[in-house]
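K.L.:
If you read the sequences in order, they're chains A and B.
Residue numbering for the first sequence follows the UniProt record's numbering, beginning at 1 and increasing consecutively.
Residue numbering for the second sequence follows the UniProt record's numbering, beginning at 1 and increasing consecutively.
By construction, these hints were calculated from the structure, which means they are not laboratory data.
C-beta: ideal position from N, C-alpha, C; glycine also.
Some hints could be false.
Unchecked claim - Derived lysine to any residue pairs resembling SDA-like cross-links, with alpha carbons at most 20 Å apart:
#: 1; chain 1: B; residue 1: 140; chain 2: A; residue 2: 241
#: 2; chain 1: B; residue 1: 351; chain 2: A; residue 2: 142
#: 3; chain 1: B; residue 1: 140; chain 2: B; residue 2: 121
#: 4; chain 1: A; residue 1: 142; chain 2: B; residue 2: 24
#: 5; chain 1: A; residue 1: 142; chain 2: B; residue 2: 140
#: 6; chain 1: B; residue 1: 137; chain 2: A; residue 2: 142
#: 7; chain 1: B; residue 1: 137; chain 2: A; residue 2: 241
Said to hold, decoys possible - Derived contacts from chain B toward chain A, CB cut-off under 8 Å, selection only:
#: 8; residue: 44
#: 9; residue: 70
#: 10; residue: 100
#: 11; residue: 116
#: 12; residue: 119
#: 13; residue: 120
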Amino acid sequence: MFRFLLRRIAGAALILLIISAVTFFLFYAVPRDPARAFCGKICPPANLALIRHNLGMDDPLFVQYWHWLVGIFAGRDLVQFGACPAPCLGYSFATQETVFSAILDRLPVTVSVTLGAAVVILTFGIGTGMLAAWQQGRPVDKVASASSVIGASLQIYFVGPILVFFIVDSMGLLPRPAYRAFTENPLDWFVHLLIPWVVLAMIFTANYTRMTRSTMVEQLAEDYVRTARAKGMSGPTVFLRFAWRGAMIPIVTIFGVDLATLLGGAIITEQTFTLHGIGELAVRAVQNTDLPMLLGVTLIGAFAIVMLNIVVDVLYAVIDPRVRLA
Amino acid sequence: MTTVTWDREQPASRGPGPFLSVRDLSVRFATEDGVVHAVDRLSFDLEKGTTLGIVGESGSGKSVSNMAILGLHDPAYTTLDGEIWLEDTELLGAGPGTLERLRGDRVAMIFQDPLTSLSPYHTVGRQIAETYRKHRKAGKAEARARAIEMLDRVGIPQARTRVDDYPHQFSGGMRQRVMIAMALVCDPDLLIADEPTTALDVTVQAQILDLLADLQQQFGTSIILITHDLGVVARTAHQVLVMYAGRSIEQGTVQEVLREPRHPYTWGLLGSMPKLRSNVDLPLLPVRGTPPSLLAPPPGCPFHPRCDHPALVGSDVCFTERPELSPAEGHRDACYLTLAQKREIFDGQIKERL
Numbered sequence: 001m002f003r004f005l006l007r008r009i010a011g012a013a014l015i016l017l018i019i020s021a022v023t024f025f026l027f028y029a030v031p032r033d034p035a036r037a038f039c040g041k042i043c044p045p046a047n048l049a050l051i052r053h054n055l056g057m058d059d060p061l062f063v064q065y066w067h068w069l070v071g072i073f074a075g076r077d078l079v080q081f082g083a084c085p086a087p088c089l090g091y092s093f094a095t096q097e098t099v100f101s102a103i104l105d106r107l108p109v110t111v112s113v114t115l116g117a118a119v120v121i122l123t124f125g126i127g128t129g130m131l132a133a134w135q136q137g138r139p140v141d142k143v144a145s146a147s148s149v150i151g152a153s154l155q156i157y158f159v160g161p162i163l164v165f166f167i168v169d170s171m172g173l174l175p176r177p178a179y180r181a182f183t184e185n186p187l188d189w190f191v192h193l194l195i196p197w198v199v200l201a202m203i204f205t206a207n208y209t210r211m212t213r214s215t216m217v218e219q220l221a222e223d224y225v226r227t228a229r230a231k232g233m234s235g236p237t238v239f240l241r242f243a244w245r246g247a248m249i250p251i252v253t254i255f256g257v258d259l260a261t262l263l264g265g266a267i268i269t270e271q272t273f274t275l276h277g278i279g280e281l282a283v284r285a286v287q288n289t290d291l292p293m294l295l296g297v298t299l300i301g302a303f304a305i306v307m308l309n310i311v312v313d314v315l316y317a318v319i320d321p322r323v324r325l326a
Numbered sequence: 001m002t003t004v005t006w007d008r009e010q011p012a013s014r015g016p017g018p019f020l021s022v023r024d025l026s027v028r029f030a031t032e033d034g035v036v037h038a039v040d041r042l043s044f045d046l047e048k049g050t051t052l053g054i055v056g057e058s059g060s061g062k063s064v065s066n067m068a069i070l071g072l073h074d075p076a077y078t079t080l081d082g083e084i085w086l087e088d089t090e091l092l093g094a095g096p097g098t099l100e101r102l103r104g105d106r107v108a109m110i111f112q113d114p115l116t117s118l119s120p121y122h123t124v125g126r127q128i129a130e131t132y133r134k135h136r137k138a139g140k141a142e143a144r145a146r147a148i149e150m151l152d153r154v155g156i157p158q159a160r161t162r163v164d165d166y167p168h169q170f171s172g173g174m175r176q177r178v179m180i181a182m183a184l185v186c187d188p189d190l191l192i193a194d195e196p197t198t199a200l201d202v203t204v205q206a207q208i209l210d211l212l213a214d215l216q217q218q219f220g221t222s223i224i225l226i227t228h229d230l231g232v233v234a235r236t237a238h239q240v241l242v243m244y245a246g247r248s249i250e251q252g253t254v255q256e257v258l259r260e261p262r263h264p265y266t267w268g269l270l271g272s273m274p275k276l277r278s279n280v281d282l283p284l285l286p287v288r289g290t291p292p293s294l295l296a297p298p299p300g301c302p303f304h305p306r307c308d309h310p311a312l313v314g315s316d317v318c319f320t321e322r323p324e325l326s327p328a329e330g331h332r333d334a335c336y337l338t339l340a341q342k343r344e345i346f347d348g349q350i351k352e353r354l
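Whole structure, please, built from the sequences with the hints as guidance.
P.N.:
What follows is the structure, given as structure tokens:
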């Protein structure tokens with residue numbers, strides 16, 4: 001187990017390194033010069049060269065990349081912006097704040113949206129899927145399967161404003177979606193994010209309903225489930241202790257991927273409800289040719305993905321004893 | 001080895017019937033292609049402490065009929081008719097609660113493939129113990145001790161440590177022993193073994209069969225042994241029932257059915273079995289053709305499309321009317337040939353090839 005984790009974390013570090021390098025070098029393939037943006041409307045070549053020098057952009061590419069990399073662990077001193085303590089991801093070209101603090105500001109928003117939506121997704125997705133599998137072929141099954149398809153075909157930017165209009169504007173049941181710090185007032189945090197959670201969950205829940213239903217039906221037909229029934233286990237025991245155990249693996253797999261995607265920024269959701277999360281940061285970084293910000297956001301997204309992958313692998317071993325971590 | 005007492009008290013007055021009595025059992029499945037007549041008016045009896053071997057090709061209804069005893073068919077797709085009496089309990093009409101209490105306690109089942117039939121997610125000890133806890137209301141520690149005792153009884157070495165292993169950590173033969181330990185944990189009166197040795201190699205097969213025979217002698221368990229291996233039947237069964245297309249076509253004692261088989265299909269089964277002693281130049285005598293579709297079984301005798309002898313019957317009754325088992329008692333078979341004709345064909349053409 002320890003060796004497994006060590007190996008996987010080393011692997012994760014390598015992946016992050018590759019992703020950051022690819023992002024870095026791809027950025028320079030784009031024919032846009034950030035130094036020009038700093039230079040202003042009338043830009044004498046000497047000024048441009050100075051700005052380039054101050055940004056460190058007159059060094060060879062790999063040297064620039066190396067400086068960026070070292071900065072994460074050791075911090076660096078940037079001529080253009082000043083000192084940048086470790087972990088230093090540089091300063092945003094656009095807003096002149098450090099990338100790290102910008103991400104740190106936005107992270108609670110994204111994490112709140114993601115985790116809340118995840119709870120709703122799992123509860124309703126798995127719950128409905130289980131119900132459908134339990135009632136296989138009966139009306140409940142058909143209603144559950146059909147409604148999940150409807151949920152999946154809705155679009156956030158369509159359902160979101162409609163829900164806000166009815167629930168917030170017309171009925172005044174909930175406040176307009178916004179981010180409130182959980183640490184200050186958990187209830188406030190909850191009511192302000194409820195609509196985004198539900199709307200986001202609508203899109204994903206269908207997947208989980210379908211997956212849960214189909215794997216449960218599959219598992220219920222397995223020999224070992226029949227054995228459990230043949231030895232007198234009750235219906236609910238067979239369903240939950242035996243069939244569900246096997247059905248968990250594919251669900252954990254897609255949940256890991258979805259969670260990582262959401263942590264990387266749910267851009268449409270953030271735009272729809274004007275929440276200032278990582279997704280918004282990412283879009284703005286692309287629009288502004290803001291290399292340090294772009295690198296930082298990409299790295300955060302990649303970090304979420306590789307870490308969740310490790311968690312998923314560990315969960316496999318917890319669920320299924322045949323999976324050995326070595 | 002620890003000794004286990006056979007502590008179930010015998011009912012004061014046993015009913016007049018046999019221990020297990022299956023009467024006119026029919027099992028039909030509704031499928032997209034139509035209704036499958038998997039079992040058609042099957043009847044047999046089983047006495048206490050004896051073994052009934054049920055043989056037949058794949059799809060002849062062997063497993064299906066026995067799953068009906070435990071009520072394991074999905075009622076949404078299955079129609080069951082007839083009666084199944086276990087002493088004085090009728091099982092087909094019994095409610096789910098009755099069946100749940102019965103399964104694993106009085107009637108237990110061993111399945112064919114021990115790898116897929118054991119839960120990969122739980123230790124063998126837990127899988128054995130949970131049956132005991134459920135039916136005997138035993139505590140955790142007591143059930144665990146019982147699981148160790150059962151593993152020991154079926155001949156698994158170091159039962160005390162192996163009780164915490166998972167099925168994938170056992171070899172095929174050991175896994176089947178685990179399966180047997182699990183089935184026997186509540187000292188069942190009836191054990192249904194569905195091809196218990198098919199997935200195992202021959203040496204392990206012999207061990208498992210000996211184990212079943214030992215347990216039967218010790219505890220007086222009645223066994224239904226489902227197999228397509230006549231060697232296994234010859235070795236362990238007292239009574240034999242040959243199934244074809246969901247019907248019983250011959251039944252009797254092992255001696256009767258295997259030494260003097262009467263039904264042409266039984267001849268075919270016996271003729272398809274290679275013998276180590278026989279001349280290698282003598283070809284096997286397979287049953288020609290393929291088993292009939294159970295969606296639309298052939299009219300008359302279901303075996304007639306594959307039978308060599310309908311001409312001897314003298315009328316076209318083989319093609320139009322289903323033969324019933326006769327005589328009413330003892331060695332019975334469902335064929336229109338006269339007893340003398342069967343004996344003549346068997347002695348003249350078949351016997352030398354077996």
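K.L.:
Now look at each hint and say whether the structure bears it out.
P.N.:
How the hints compare with the structure:
no.	hint	verdict
1	B:140 x A:241	holds, 17 Å
2	B:351 x A:142	violated, 59 Å
3	B:140 x B:121	holds, 19 Å
4	A:142 x B:24	violated, 37 Å
5	A:142 x B:140	violated, 41 Å
6	B:137 x A:142	violated, 39 Å
7	B:137 x A:241	holds, 19 Å
8	44	violated, 20 Å
9	70	holds, 6 Å
10	100	holds, 5 Å
11	116	holds, 4 Å
12	119	holds, 4 Å
13	120	holds, 6 Å
Hints 2, 4, 5, 6 and 8, counting from the list given before, are not met by this structure.
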